[in-house]
Each structure stands twice: as C-alpha cells, then as structure tokens.
Amino acid sequence: MPELPEVETTRRGIEPFVAGRVVRELRVREHRLRWPIAKDLARTLAGLRIDSVARRGKYLLLESRRGALIIHLGMSGSLRVVDASEKPETFDHVDLVLEGGNCLRLRDPRRFGCVLWSTDPAHHPLLRHLGPEPLEGSSQGAYLFRKSRGRVRAIRDLLIDGRIIAGIGNIYANEALFAAGIDPRRAAGRISRARYARLGDAIRETLREAIEAGGTTLRDFRGGDGRPGYFQQSLKVYGRRNAPCPRCHTPLRGQSVGARSVFFCPRCQS
DNA sequence: CTCCGATCCTGATGGC
DNA sequence: TGCCATCAGGATCGGA
Numbered sequence: 015m016p017e018l019p020e021v022e023t024t025r026r027g028i029e030p031f032v033a034g035r036v037v038r039e040l041r042v043r044e045h046r047l048r049w050p051i052a053k054d055l056a057r058t059l060a061g062l063r064i065d066s067v068a069r070r071g072k073y074l075l076l077e078s079r080r081g082a083l084i085i086h087l088g089m090s091g092s093l094r095v096v097d098a099s100e101k102p103e104t105f106d107h108v109d110l111v112l113e114g115g116n117c118l119r120l121r122d123p124r125r126f127g128c129v130l131w132s133t134d135p136a137h138h139p140l141l142r143h144l145g146p147e148p149l150e151g152s153s154q155g156a157y158l159f160r161k162s163r164g165r166v167r168a169i170r171d172l173l174i175d176g177r178i179i180a181g182i183g184n185i186y187a188n189e190a191l192f193a194a195g196i197d198p199r200r201a202a203g204r205i206s207r208a209r210y211a212r213l214g215d216a217i218r219e220t221l222r223e224a225i226e227a228g229g230t231t232l233r234d235f236r237g238g239d240g241r242p243g244y245f246q247q248s249l250k251v252y253g254r255r256n257a258p259c260p261r262c263h264t265p266l267r268g269q270s271v272g273a274r275s276v277f278f279c280p281r282c283q284s
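Just so you know, we're using the numbering used here here: the first sequence kicks off at 15 and counts up by one.
These aren't lab readings, by the way, just hints derived from the structure by calculation.
Please note that a few of the clues may not be correct.
Ranges between beta-carbon positions, derived for each pair [said to hold, decoys possible]:
#1 Ser206 x Ser152: 13 to 21 Å
#2 Arg274 x Glu147: 21 to 29 Å
#3 Lys53 x Thr264: 51 to 59 Å
#4 Ala201 x Glu147: 20 to 28 Å
#5 Ala68 x Cys262: 40 to 48 Å
#6 Arg46 x Arg204: 42 to 50 Å
#7 Gly34 x Arg222: 22 to 30 Å
Quantities reported herein were computed from a predicted structural model and do not represent experimental measurements.
Yeah, the Cβ is synthetic: ideal placement off N, Cα and C, and Gly gets one too.
Make a model of the complete structure from these sequences and hints.
See the structure below:
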C-alpha cells in the first residue's frame, strides 16, 4: 500500500513524537519480516536518542548519532504512535518504546516490511541503488527521458522501478500517466522528450496533492496520527475500470501489464 | 545490462 | 451464509 505519499504522511505524523526522544526498549513479537529483525537490535537501540525522522523513497529512517533505523512498510505496513500501555493486536509485530511513555508501533499483516539497523544508511544495500527523489531538485522529465532511451519495457514499469526513480508505486504511476496523457503500456524508450517533460511535472503534482490529502487509504492505511488518508477520493483512474474518464467521459480501461494492473483512458492517453 | 516471472504472506472481495 | 478463487499498494531474486 504505502507509496511515497503514504510514507511521507507517516513520517510527518510520527516525527513530533519521535524526534529528540530516547529509546527505552524494543519489543519484537514477530521477527520474521521481509528480512528477519536482528536478534541484537534491542541492545543496539536501548538508550539511543533519535534525532530526526527522514524519508528516502518508501523507506523511513530514524536517525541518530550512531546510525539509523531503516523501516520499510512493504505492502501492508503502518506505523502509529500509541501509549506504551496499550495492548498490541494481532500483526502488531514491533514496539519501539520511548522515554516518556509513548511507543512507535509497527503493524504489518503481510510481513513484507522490514526493520534494519545501519551505521551508514546512505550506503546500505537497500538504499544505495535508489534513484532520485521525485520531489527534490528540478523537474525529473529530462532525467527520465535520458534513462528511458533504448528501453523497451512499459513506461508504467519504468516508473515503479525504484532504481530509476524512488518512491513511486502502481497507484501514483497510473495517476501521473493519466495526468500526462501517456498510455501506461507504451515502450518507455519510444516516448518523446516533450512528453517526458509533461510526465515529470505530472509526477510531482500528483505526489504533492496526495501528500496534502494525507495519502491514499485503500483498505486500512492510517497515518502516524491514526487518521486515514483522503486521496482515494481524488484518484482519477486507479481502480476505476469502466468508470467514465474524468476528462472526456470515455469508459476507462483496466488490464494486467506484467503482474499488476494498469488503468487508463483509451482516448486521453496515447 | 535488461527484462520478466516467481515469490514471500494475509485479508478483502466477488462469484456461485 | 459459506466456500473458493482471485487480487492487492513492494521489491528482491534468478534465469532467459
């Protein structure tokens, strides 16, 4: 579920409760996530002061002087700040208990997320090959145009590849391609520079609006403050097969490309 | 290097 | 209401 806007919403929700706090204890009820939680992680974290909460792509980083705790929410993960005395439910796998009585609680039914310690997060294997942040620097259109030359894969697949550009998943790839008027199935290498310029702007606009709305809540996403996101109401094509195109009212199409779905307007996107 | 499919796991949904 | 198949927001890995 969580793509860049949901992770950023989470970051903003938890930061006021986490930054500047000292870790009292780590409680791990289930260590079998995407990668197992290290046995000695509790010892590593105890007494550590968390200086700030950063985001890189879909990764959250709880930064300290000695290193960072890297958290990924996978498909079904969420983080909330709760009172440490609150009883955990099923799938509440990890508690980071803080001095003062608050607790950062990770819930992840599908267990595709991870919790890892790194003394040098920028060079950690999971982050090292990540592409640029779509919301930083100038528009990414020229960059994407350059990276796409000679590539035959669908543009949707290029956009959700974190090594090309970080943080974009299937929902926002589909939404940005609609905004830019590009068919998600088109070969990435055969799209013009001008269209990439439009796409770069569409990506930023789409992500910004989604963050402003608090992310997209499909099923059970909640921000760090426990509130749902409201961007779902703003989705123009994702999940809306056969619904009228918001621009021209032609029925939207939905089909599988590779392992996941694309949604698009056959008239507005070519 | 690039691309594609399989894969980890559980819950929601829709058809019958 | 129940059962079963299908699908899901991610990202790595291995093989072609």
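Contradicted hints - numbers only: Failing hints: none at all.
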